[in-house]
Amino acid sequence: MSDQPSITAAELAHRLGGTFKGDGTRVIRAVATLEQAGPDTLSWIGSPDFLPRASKSKAGVLLVTEECSLPTDRTVIHVADPDVAVCEVLEYLAPPPDRVPPGVHPTAIVSPNAVVESTAIGAHAYVGPGTTVGAGTQIYPGVYVGARTTIGRDCVLWPNVVVRERVTIGDRVVIHPNATVGADGFGYLQRDGRHRKIPQIGTVVVEDDVEIGANSAIDRARSGVTRIGRGTKIDNLVQIGHNVDIDEDCIIIAQCGIAGSSSLRRNVMLGGQVGIIDHLRIGNGVQIAAKSMATSDIPDGRVVRGNPATDNRRFLREQASVRKFPGWVERLRTLTRRVQRLEEKVGDTPNEAT
Amino acid sequence: MSDQPSITAAELAHRLGGTFKGDGTRVIRAVATLEQAGPDTLSWIGSPDFLPRASKSKAGVLLVTEECSLPTDRTVIHVADPDVAVCEVLEYLAPPPDRVPPGVHPTAIVSPNAVVESTAIGAHAYVGPGTTVGAGTQIYPGVYVGARTTIGRDCVLWPNVVVRERVTIGDRVVIHPNATVGADGFGYLQRDGRHRKIPQIGTVVVEDDVEIGANSAIDRARSGVTRIGRGTKIDNLVQIGHNVDIDEDCIIIAQCGIAGSSSLRRNVMLGGQVGIIDHLRIGNGVQIAAKSMATSDIPDGRVVRGNPATDNRRFLREQASVRKFPGWVERLRTLTRRVQRLEEKVGDTPNEAT
Amino acid sequence: MSDQPSITAAELAHRLGGTFKGDGTRVIRAVATLEQAGPDTLSWIGSPDFLPRASKSKAGVLLVTEECSLPTDRTVIHVADPDVAVCEVLEYLAPPPDRVPPGVHPTAIVSPNAVVESTAIGAHAYVGPGTTVGAGTQIYPGVYVGARTTIGRDCVLWPNVVVRERVTIGDRVVIHPNATVGADGFGYLQRDGRHRKIPQIGTVVVEDDVEIGANSAIDRARSGVTRIGRGTKIDNLVQIGHNVDIDEDCIIIAQCGIAGSSSLRRNVMLGGQVGIIDHLRIGNGVQIAAKSMATSDIPDGRVVRGNPATDNRRFLREQASVRKFPGWVERLRTLTRRVQRLEEKVGDTPNEAT
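Protein chains in written order, with my numbering: chain A, 1 to 354; chain B, 1 to 354; chain C, 1 to 354.
Hints may contain errors.
Reference listing, derived: stretches of chain B covered by chain C, where coverage requires no fewer than 3 residues with Cβ under 8 Å from a Cβ of chain C [as the list claims (entries may be wrong)]:
(1) 139 to 150
(2) 162 to 175
(3) 251 to 259
Straight-line distance between alpha carbons at most 20 Å, and here's what the computed PhoX-like set of lysine-lysine pairs gives [what the hints assert, rightly or not]:
(4) B:K345 <-> C:K345
(5) C:K345 <-> A:K345
(6) B:K58 <-> B:K21
(7) A:K21 <-> A:K56
(8) C:K345 <-> B:K324
(9) A:K324 <-> B:K58
(10) A:K345 <-> B:K58
(11) A:K324 <-> C:K324
Simulated from the structure, these hints should not be mistaken for lab results.
Values in this document were obtained by computation on a predicted structure and should not be read as measured data.
Built from N, CA and C at the ideal position, the CB exists for glycine as well.
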């Protein structure tokens, strides 16, 4: 990759506001874990737990805390928070970004009734009538934005994203390729074995700083809104049902599904492939382990696992007990024989068989 | 939302063919559940079970059955079936729809060999040679319809839907954004550790009144057809494998996966994230709880749950018994000690250890 | 389907290099299983296990091994490997394919800086600057290929596929509709309850002969590469996280999710809806049953199942034991009563209650 930027250890320490020890002329071209790093690679030690692994690492430069001391043969940069600093390093090393060129591409269809402050509308994009697109927002090729929708400032809509009509998207929202926002919720009335569609006349509100993963789907409300709160991050292939209300700063890993009208309060974290049935309340700070299914409300702060999701430690204890069960069956058999011997010896005849 | 329609209680009662009591001038702008409804909102009581919650509801107007009696200070509309009536109300309150403008958009590519009765083909859509699109069907921007495919009347293909070649779609079918119909089935022949592709030369038949959710994928058959029966409703992110046969009026919630050649008979209901392995028969009226996995045929009418899916009550009983297992281990330990005391007293020496 | 090709049994035997017995003039128009085949259909017997079912089959022609003997009233074709031969038959019977017409469609946007050897770029496709597309590759309508990406020879990118910038795709790779390759990995740094995006500056390498299913998503690496090894086949709606390394000839069925930095070695087979948490090593030849979740490394050659995934036989034994648990509780109760009788008879008073 000839377009890969690089930076020296000394220059990097300067930019990060840190101090370096060792060889300041060392060139860094990549970032990797301690195990995978090579001579032109930077790695980092965010916690003292990783110190033992650092000695074996081939990383050319190590980002460490201010207190951390390592053998003098290593080139290190001391910073206040190595985890944060490594994010900055990744930005310095990022190849030139693939931005939408300025202007509205001649093949894009932008309604004359749309209010487009953005000057980055890609090829074959579509922006419907009555729709607003804020300044600094990039609309990549093949994106569809329906009528009377509002897209805020400095958003990125990657290629082939679909945002349907009357949806509201805040500022700095990133929507990854092939994601769908605002499709009809899934609601039918059962009458005589047939399914009558319940109109889905509501909408979706995506607040500031949200990120929505590739091929994810967020349905519009039956009536009212489906809401994704400020700062919430949603991974790929996630399903958000109609009238779901997700509060601020949640993390939702790939392939989760949240059914209609359920609510996640602040700072909820869902592992991958989690399911949440409809009309539940998942409390503040709840963590649900990957592949679990929530079937009832979960109070604030709980860490849960399993199907149905239950207290994490309880789940692990139950799992362990299931593994022991075949052994206990054997013990019960043995004990039964001992009791039988005793009965024979004592001359007792049980009036019930085991 | 300035484009939100409204209606008075008296006018609504008239349109629904019902009778109203209370304030006929009340204006309704939205529909919500009893708990969430406010003064300009209509709610409904579909069953007497909800009556207690109605007294606390702030809903301005309540849709109720003909027999239902509520305190005289409420504005109510009596109708034969409140659940059906609320669907009509949602239609009255729906903002003007975001229809594809009449005509074939100049940027759409429609093969000269296609037979397009529809006059609503959106920007950047593609319709291949030998393909038919029926009257009243709306093809949104970015849709791809391959060669020799048939799309019926009054269908809606939302933006960026892909329907590949030689597929048959019935009338009044709705396909939500980014869904894929007719991609190759997943079939390989294993020889010497490598995978040779088995050609997928069949097709897909989607019958009348089917709905297919956003980002769902329905594979074409290896040979023959993958079939989605009349009236079946499929939610988002669902996977339907090759040669699957789904009969009429099924409901398939988000993120289900149905493997190759399996069959769902009529009125099957699958909860979210259900898996069905290949070559199974899921009988008429079967219900499978969310996140379950079917690994064997399921007879007509069963309600099942778990992995592997088993009778719902049996599953719940087994789950409950697992929760009790740690307690029973303790009881077995205690009983073992009692037997040992007895053995010591009686002078019996077991010839096997527990 | 008037465009359905057909072939006689004699001609087919000739093309397959086999020998036929029976009626060489029989016309074959389709391929189906023994149960579903009719008079103009070919079926096949890949293993002697299927012989009993062959007698009841209505198939007009049967593909069988060289040793296989069937009643003389059947028309059969003897070949070395019927499973391989049936793949060839499907190719002969395939309707004319729906190829992208030669040339760059006038509505396609191909950067003047792109190097496009392919002469099959469909309508509304986009190819970014610095990107290479090899000879024989078909780019269907609506496909987006970002800047500085390399697509090899003889690939197929079905409609509305998105491949982002700086990705490398090998030769003969097939990517099905609406799939996404190279979106940002999902990485955030938690600070004060907020989530700071970790730049995802790496890329994706898809090696030769890989197939990627419809609506699947393969994320780019944080730094370095996400790799899909030669010959690996990925089904629909699959999630591959950042920095995942998948080796050659793996099979990944629909809706699997593989979290960041995990690694699959050669010939791994994942059933549908499997989850693999981050940073695991799944060894050579491992098979994981559908809907299982791997939470720790799995050594070479293991067959595992469950959540957490464990040895397949052990899982089945544990499942069976759970089903028996309610019965064992009853036995323990009975045994407790017998011990109590003994204690009464012997005059023993336990100093602990059960």
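Hint by hint, here is what the structure shows:
1. For the segment 139 to 150 of chain B, the assignment as covered by chain C holds, since 5 residues bring a beta-carbon within under 8 Å of that chain's beta-carbons and 3 suffice.
2. Counting residues of the segment 162 to 175 of chain B whose CB falls under 8 Å from any CB of chain C gives 4; the rule of at least 3 is met.
3. Only residues whose C-beta sits within less than 8 Å of a C-beta in chain C count toward coverage, and the segment 251 to 259 of chain B has 3 of them, enough to reach three; the restraint holds.
4. The straight-line distance between the Cα atoms of K345 of chain B and K345 of chain C is roughly 12 Å, inside the 20 Å bound, and the hint therefore holds.
5. In summary, the hint linking K345 of chain C to K345 of chain A is supported, as the alpha carbons are separated by about 12 Å, within the 20 Å threshold.
6. Between K58 of chain B and K21 of chain B the CA atoms are separated by roughly 17 Å; this keeps the pair inside 20 Å, and the hint holds.
7. Proximity of K21 of chain A to K56 of chain A is assessed by CA-CA distance (about 19 Å); at most 20 Å being required, the pair is judged to hold.
8. Note on K345 of chain C and K324 of chain B: the hinted pairing is violated, with a Cα-Cα distance of about 31 Å set against a maximum of 20 Å.
9. At most 20 Å may separate the alpha-carbon atoms for a hinted pair to count; K324 of chain A and K58 of chain B exceed this at roughly 54 Å.
10. As the CA atoms of K345 of chain A and K58 of chain B are separated by approximately 76 Å, the hinted pair breaks the 20 Å bound.
11. For the hint pairing K324 of chain A with K324 of chain C, the CA-to-CA distance comes to about 14 Å; that is within 20 Å, so the pair holds.
Going through the hint list in order, the structure does not satisfy hints 8, 9, 10.
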